[in-house]
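Student: So the protein lines, in turn, are chains A and B.
Quick note on numbering: the first sequence equals residues 17 to 169 in my numbering.
Quick note on numbering: the second sequence equals residues 17 to 169 in my numbering.
Keep in mind that the hints were calculated from the coordinates and are not lab data.
Just so it is clear, CB atoms sit at the ideal spot from N, CA and C, and this is done for glycine as well.
There could be a bad hint or two in this list.
[Claimed, not checked] If you want the footprint, here are the derived chain B segments under chain A, 3+ residues with CB under 8 angstroms:
{"no.": "1", "segment": "21-34"}
{"no.": "2", "segment": "74-81"}
{"no.": "3", "segment": "84-97"}
{"no.": "4", "segment": "105-112"}
[Said to hold, decoys possible] Residues on chain A that point at chain B, a partial pick, calculated with CB under 7 angstroms:
{"no.": "5", "residue": "L67"}
{"no.": "6", "residue": "Y68"}
{"no.": "7", "residue": "A70"}
{"no.": "8", "residue": "A79"}
{"no.": "9", "residue": "P84"}
{"no.": "10", "residue": "G85"}
{"no.": "11", "residue": "S92"}
{"no.": "12", "residue": "I95"}
{"no.": "13", "residue": "P103"}
So the chains spell out like this:
Number of protein chains: 2
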Amino acid sequence: MTAFYFFVFLAACGAAAATGSVFLPGAWYQSLKKPSWTPPKKAFPIVWTTLYVASAIAATRIAISDNPGPGLALWSLQIALNTLWTPVFFGAKRMGMGMIVIALLWLVMAAITVVFLQTDLIAGLLMIPYFAWIGLAGALNWRIWRANRNRNK
Amino acid sequence: MTAFYFFVFLAACGAAAATGSVFLPGAWYQSLKKPSWTPPKKAFPIVWTTLYVASAIAATRIAISDNPGPGLALWSLQIALNTLWTPVFFGAKRMGMGMIVIALLWLVMAAITVVFLQTDLIAGLLMIPYFAWIGLAGALNWRIWRANRNRNK
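Here chain A stands alone, though its shape is the one from the complex:
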């Protein structure tokens, strides 16, 4: 069952990742004012691939644990919110709605990290970088949104 779980969770991450290949940051995003601490463009695919693999491993560990329910329910919510964010921000260019989505995702990631840590230490630790990254991405969404109010839809 371990391989089945890992494959299914990684496929769900693949669906979320696919949004990044469909809605690329184009001329619109390049033209936005961004803070100095914006990570270099090259970092994003590397970071996301690492986070998705870690997240799929963590979810697999929870799935085979004694109490998979709460963690997997929250995991399904985070992958839906994650899949939603890129089309909203880069597709529809709705930075304010993107902020709402990523703020919700950050709260859900906080809950997942706590629940995973309680169920399986390694699974919880594997989610911490993802949680931290959503915090950074959320701060970036906020700063870009506020610095480009005239560009809001």
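Given chain A, work out where chain B should sit, using these hints.
Tutor: Chain B alone, transformed into the frame defined by chain A:
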């Protein structure tokens, strides 16, 4: 825990449903050739709301069952694919890629229906209309794609 599960699964459905409010079928979709059996526009929000509520109830029943793992893993994959489809089809107007996403979703829905039926009869029955609807939506995606090849991206 039942209320927690239902709320979390319904929130995940809400993320999927939000794509429909961001990427509305506009002038592009209206102008496409569609088969005679295309359901009326008004039907979609009513059908989807019903299917999402049924799907959240079904997932809740699986979450509180003796064997929640396999069903919830597949449920997280279907909600990610579902959230992906609307931005791909209506946002990016990529009908061919939409066909791939909905074909995968249909296969996952078939697996979910079987797994849910084995775990909890009512949960499985609650997924059958959703599975059937994805079959219809997939057939519609196919027909619209093939009838409008010149409009493909």
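Student: Please name the hints from earlier in the document that this structure breaks, with their numbers sorted from lowest to highest.
Tutor: Hints 5, 6 and 7 contradicted; others consistent.
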